[in-house]
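Visitor: Construct the entire structure; sequences and hints are all you get.
Residue numbers (the numbering used here), protein chains in the order written: chain A, 1 to 289; chain B, 1 to 60.
Just so you know, the hints here were simulated from the structure itself, not pulled from any lab data.
A virtual CB, placed ideally from N, CA and C, is assigned to each residue, including glycine.
Please note that a few of the clues may not be correct.
[As the list claims (entries may be wrong)] Pairs of lysine to any residue, SDA-like flavour, derived with a Cα cap of 20 Å:
id : chain 1 : residue 1 : chain 2 : residue 2
1  : A       : Lys43     : B       : Asn59
2  : B       : Lys38     : A       : Gln150
3  : B       : Lys38     : A       : Lys187
4  : A       : Lys79     : A       : Gly134
5  : A       : Lys270    : A       : Phe5
6  : B       : Lys38     : A       : His182
7  : B       : Lys38     : A       : His184
8  : B       : Lys53     : A       : Phe238
9  : B       : Lys49     : A       : Met214
10 : B       : Lys38     : A       : Leu109
11 : B       : Lys53     : A       : Asp220
12 : A       : Lys79     : A       : His23
13 : B       : Lys53     : A       : Thr218
14 : B       : Lys49     : A       : Leu109
15 : B       : Lys53     : A       : His107
16 : A       : Lys187    : B       : Glu30
17 : B       : Lys38     : A       : Ser151
18 : A       : Lys50     : A       : Tyr37
19 : B       : Lys49     : A       : Ser209
20 : B       : Lys49     : A       : His219
21 : B       : Lys38     : A       : Thr149
22 : B       : Lys38     : A       : Gly212
23 : A       : Lys50     : A       : Ile33
24 : B       : Lys38     : A       : Cys148
25 : B       : Lys53     : A       : Asp248
26 : A       : Lys50     : A       : His23
27 : A       : Lys79     : A       : Gly42
28 : B       : Lys53     : B       : Leu19
29 : A       : Lys79     : A       : Leu45
30 : B       : Lys38     : A       : Tyr210
31 : A       : Lys187    : B       : Val34
[Claimed, not checked] Counterexamples of contact, computed for chain A against chain B with all Cβ distances above 10 Å:
id : residue
32 : His121
33 : Gln150
34 : Trp156
35 : Gly197
36 : Ala229
37 : Ala262
38 : Gln276
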Amino acid sequence: MSRPFLGFGLGLRTDHYQYVIEHRPQADWFEIISENYMVPGGKPLANLDKICADYPVVMHGVSMLIGSTDPLNQGYLEKLKGLIERVEPLWVPDHLCWTHVDQVNSHDLLLLPYDEATINHLADRISQVQYFLGRPILIENLSSYVCCTQSEMPEWEFVSEIVKRSGCYLLLDINNIFISDHNHHFKPETYIDAIPGERVMQFHLAGHSYNGDMIIDTHDHDVCDPVWALYEYALWRFGAVSTMIERDGNIPTFTELRAELAIAESIAAKTLTEQQIEISGRALLRGAG
Amino acid sequence: MGGLDQLRQLQQDFMHYVLGEQSEIVTQTESTPVLSAKDLLDIYATAYKLRLKGAISTNY
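Guide: As structure tokens, then:
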């Protein structure tokens with residue numbers, strides 16, 4: 001899979017369904033949360049069908065259990081495959097994390113120790129999922145608040161090694177790198193420099209909240225200036241990468257969110273070279289204008 | 001114990017802590033100069049309680 005450039009998208013949230021369906025606002029693509037549509041029928045799927053008719057869609061999951069030590073959930077994977085056949089998404093990301101153990105759901109994206117045994121476990125499970133789905137998947141880096149004593153390497157080495165061994169691609173969350181940099185005291189540029197650029201397929205941008213000395217990944221504020229600066233650095237490092245903003249709390253109007261996305265477009269337009277803009281096509285040229 | 005068994009034990013310990021049960025996870029996580037491992041783990045435990053409260057408030 002080479003790197004297609006979708007341009008600039010938004011996370012599709014129920015607050016904006018009606019507006020998007022009625023007004024068909026300009027957005028290059030939408031990212032959906034897959035689990036919201038793993039149902040036999042009803043209004044969510046009807047809305048999704050309408051949106052898929054007008055926009056490219058990426059299917060982002062939160063429950064694949066990639067990092068869990070419970071067995072992979074075959075029922076979940078079959079539902080995911082069925083939704084993939086319906087939506088025909090450009091790609092299918094999930095998180096580099098665990099959520100369940102002993103079939104108890106934490107409803108959170110929990111961190112893993114960065115060691116050889118965990119790399120082998122994840123690379124094997126990602127390969128199994130990719131074989132079943134018949135396509136490579138993307139994995140997303142987490143934000144985290146604590147480190148495991150059994151970790152043997154920095155997060156960027158862990159992520160890069162899993163990508164290399166499994167053949168999957170990366171959804172690089174720029175906000176998560178910024179948060180983990182703050183919470184664990186590393187240089188975010190070191191993280192970005194170490195990632196294999198040819199495997200980066202998508203960027204996430206989001207806002208966060210401060211809780212004392214820690215930053216919490218809340219997705220309930222606008223993207224802040226330091227994250228925009230890190231986004232610019234990532235564009236400089238990787239070139240044009242499909243970019244979207246996630247917003248899950250204090251959700252503004254669609255128009256306000258679209259205006260925030262225009263900041264990403266303008267940063268990309270001024271950061272990327274003429275050649276990269278030419279390769280990337282229409283979306284970046286609009287941002288430059 | 002090593003490899004996958006160690007990972008499973010860590011996940012079980014982490015989950016027990018999040019659920020407010022007896023757990024050894026504090027000894028398997030690092031403190032920072034500013035915050036103890038317990039303080040850091042409490043971020044996850046508090047988030048779980050808030051999500052639970054939010055789900056109950058929404059549905060009932």
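Visitor: It remains to establish, for every hint, whether it holds in the given structure.
Guide: Evaluated hints:
no.: 1; hint: Lys43/A - Asn59/B; verdict: holds, 19 Å
no.: 2; hint: Lys38/B - Gln150/A; verdict: holds, 17 Å
no.: 3; hint: Lys38/B - Lys187/A; verdict: violated, 25 Å
no.: 4; hint: Lys79/A - Gly134/A; verdict: holds, 14 Å
no.: 5; hint: Lys270/A - Phe5/A; verdict: holds, 17 Å
no.: 6; hint: Lys38/B - His182/A; verdict: holds, 19 Å
no.: 7; hint: Lys38/B - His184/A; verdict: holds, 16 Å
no.: 8; hint: Lys53/B - Phe238/A; verdict: violated, 41 Å
no.: 9; hint: Lys49/B - Met214/A; verdict: holds, 19 Å
no.: 10; hint: Lys38/B - Leu109/A; verdict: holds, 18 Å
no.: 11; hint: Lys53/B - Asp220/A; verdict: holds, 18 Å
no.: 12; hint: Lys79/A - His23/A; verdict: violated, 30 Å
no.: 13; hint: Lys53/B - Thr218/A; verdict: holds, 16 Å
no.: 14; hint: Lys49/B - Leu109/A; verdict: holds, 15 Å
no.: 15; hint: Lys53/B - His107/A; verdict: holds, 13 Å
no.: 16; hint: Lys187/A - Glu30/B; verdict: holds, 19 Å
no.: 17; hint: Lys38/B - Ser151/A; verdict: holds, 18 Å
no.: 18; hint: Lys50/A - Tyr37/A; verdict: holds, 13 Å
no.: 19; hint: Lys49/B - Ser209/A; verdict: holds, 18 Å
no.: 20; hint: Lys49/B - His219/A; verdict: holds, 18 Å
no.: 21; hint: Lys38/B - Thr149/A; verdict: holds, 14 Å
no.: 22; hint: Lys38/B - Gly212/A; verdict: holds, 15 Å
no.: 23; hint: Lys50/A - Ile33/A; verdict: holds, 16 Å
no.: 24; hint: Lys38/B - Cys148/A; verdict: holds, 13 Å
no.: 25; hint: Lys53/B - Asp248/A; verdict: holds, 17 Å
no.: 26; hint: Lys50/A - His23/A; verdict: holds, 12 Å
no.: 27; hint: Lys79/A - Gly42/A; verdict: holds, 16 Å
no.: 28; hint: Lys53/B - Leu19/B; verdict: holds, 13 Å
no.: 29; hint: Lys79/A - Leu45/A; verdict: holds, 13 Å
no.: 30; hint: Lys38/B - Tyr210/A; verdict: holds, 18 Å
no.: 31; hint: Lys187/A - Val34/B; verdict: holds, 19 Å
no.: 32; hint: His121; verdict: violated, 6 Å
no.: 33; hint: Gln150; verdict: violated, 7 Å
no.: 34; hint: Trp156; verdict: holds, 18 Å
no.: 35; hint: Gly197; verdict: holds, 29 Å
no.: 36; hint: Ala229; verdict: holds, 24 Å
no.: 37; hint: Ala262; verdict: holds, 31 Å
no.: 38; hint: Gln276; verdict: holds, 39 Å
Hint compliance for this structure: hints 3, 8, 12, 32 and 33 are not met, and every other hint is.
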